[in-house]
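J.: Taking the hints into account, I'd like the entire structure generated from these sequences.
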Amino acid sequence: MRTKLLVTSLLLASCAPAHAVDTSISGSVQTRCLITTDTNGVYGNPVPSKLSTASADGGVVPVIRYDVTLADAYLAKVTTPTSFSTSPALSDSVAWTGSTAVTKTTDVGMAGYEAAKVTYGSTTQFDLTVAGSTWFSSESTAVYGVNKSFVGGDYSAIVLAECIAK
Amino acid sequence: MKLLWIALITALVSSQAHSEYLYGITGNMAGTGHTWGMNIAPNGSQSVKVNGVFYQYTPVKNTEDSMLVHIRNKKVGGGYIFSSTDDWSGLQGGIPITKGFLIDNLPIELWGDGSIDVEGTGSVVDANVVYSYKYNNDCLTPMSDPSCSGYTDAVLAMMGAADTSVYNPLDDDLITDALETKASLESEEESEEESEEDNDRLESILSSVDNSILSANVVSQNLLMSAMTNMTTMNTYYDKKLAGGTYKETTVLDGGHLPDNAKGARAGLAQQLLHTQMVSQQYELKKDTP
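Chains as they are written, first to last, in the working numbering: chain A, 1 to 166; chain B, 1 to 290.
Accuracy of the hints is not assured; some may be wrong.
As the list claims (entries may be wrong) - Here are the simulated DSS-like pairs of lysine-lysine, each with C-alpha atoms no more than 30 Å apart in a straight line:
1. A:Lys148 - A:Lys166
2. B:Lys49 - B:Lys99
3. B:Lys134 - A:Lys104
4. B:Lys74 - A:Lys166
5. B:Lys75 - B:Lys134
6. A:Lys104 - B:Lys99
7. A:Lys77 - B:Lys49
8. A:Lys104 - B:Lys49
9. B:Lys99 - A:Lys117
10. B:Lys263 - A:Lys104
11. B:Lys74 - B:Lys49
12. A:Lys148 - A:Lys50
Source of the hints: derived by calculation from the structure; they are not laboratory data.
T.: In structure tokens:
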């Protein structure tokens, strides 16, 4: 009887008032895909109606570098411009063409990126299956009207580079 | 003994020496071919250490071909100190590949010739191989660091006019003569016809040899000590300066007139009188003497 009483006392003593505790969970996700502009592009103006980044046209091809530290986890999407971000007022239409290609890699396994790329519209998609750095060059050309001279002024356009998780 | 002194000086100087590294990168070592030497250090630089290798090239091949590309440097003594192989087998060519490697500061003395070697079908174009390195140029003056080549010669030269050439006892005619005599005596000893006189003679000759070597050592040590003493003390004497300035008279005669000292004159006169009296007494004694 005495033992039962002692056990009961201990149980009662251990039944402290209930508390509610909020335990926080925090974390951070480190980026494993970094996009860097390696070379800014420049439009050349070989003829009055044409602006082109091709070196043959006096331009500079923009180069974008993707640094991926996790293999087979990301898609690289590069979209060539379809409009000027800044330009004088233009009264006629502009015909845009563009292309994106792999220009340099850091791993032999990236040699197949170019052959495996998928192009739709002005966007080119690459499957980044190997960890490392890949350089993409993105040429673009704008032709104004039908042999119509571009209006004098400053023109700029933007290449959109995205890293999409698979 | 001389070497001991040099080592002591070296140790003292080395405790104060310090090296500050500079950094540099080479140009394209593969610019003129697919093999190259490793003469990458600037003139006068010391302790050159390679800390990075970077290369880029474009493979030219058909996709179905097998191709291995080796970028490597031989290691002095055998093997390779750096080697990187890219396996392009079954892969598309035409796209440049670039790679960089950090190297753990390996001394340039270990780096042999570099090369780009292709195994299989295909080739490499637009090759670019660059090394980064660090070095110091503290040895533009050899005495700046004991690790510099020519340091010991510079220290000896600094000792000045002292004859610091190494004394070779075997170049001494007296010693060589004695040794030759000793050798002949040894042959005589082998023939067991050595006499007491020869023993005495041999002892005398050996003694002269020992004395000559000892004397030579003493002479060379004295020269060295003299040179070192001159080196360390000359500047001290040259630089010693006495405190300058003029010590001016500070005593002033009150009134500008110094009267005669009558008391002193009297004392002096009394002394003179006493002296005269004493002198005169000599003659008086001679008069009284029979």
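J.: What's the verdict on Lys104 of chain A and Lys99 of chain B, does the C-alpha distance respect the 30 Å limit or exceed it?
T.: The hint holds at about 10 Å.
J.: Taken at face value, is the distance from the CA of Lys117 of chain A to the CA of Lys99 of chain B at most 30 Å?
T.: holds (23 Å)
J.: If you draw a straight line from the CA of Lys74 of chain B to the CA of Lys166 of chain A, is it 30 Å or shorter?
T.: Distance ~43 Å between Lys74 of chain B and Lys166 of chain A Cα, so the pair is violated.
J.: Does Lys99 of chain B sit within 30 Å of Lys49 of chain B, going by the straight-line distance between their CA atoms?
T.: Holds, at roughly 20 Å.
J.: Given the hint that Lys77 of chain A pairs with Lys49 of chain B, does the C-alpha gap stay at or below 30 Å?
T.: violated (42 Å)
J.: Lys263 of chain B and Lys104 of chain A were given as a pair; does the straight-line alpha-carbon distance stay at or below 30 Å?
T.: With Cα atoms ~120 Å apart, Lys263 of chain B and Lys104 of chain A exceed 30 Å; violated.
J.: Do the alpha carbons of Lys104 of chain A and Lys49 of chain B lie within 30 Å of each other, as the hint requires?
T.: holds (29 Å)
J.: Is the hinted pair Lys148 of chain A and Lys50 of chain A satisfied, with a Cα-Cα distance of at most 30 Å?
T.: holds (9 Å)
J.: Taking 30 Å as the top limit, are the C-alpha atoms of Lys75 of chain B and Lys134 of chain B close enough?
T.: holds (19 Å)
J.: For the pair supplied as a hint, Lys134 of chain B and Lys104 of chain A, confirm whether the alpha-carbon distance does not exceed 30 Å.
T.: OK: Lys134 of chain B and Lys104 of chain A at ~28 Å, within 30 Å.
J.: Compare the distance between the alpha carbons of Lys74 of chain B and Lys49 of chain B with 30 Å, and conclude whether the hinted pair is satisfied.
T.: holds (16 Å)
J.: For Lys148 of chain A and Lys166 of chain A, compute the direct alpha-carbon distance and say whether it is at most 30 Å.
T.: violated (43 Å)
In this structure, the hints that do not hold are numbers 1, 4, 7, 10, in rising order.
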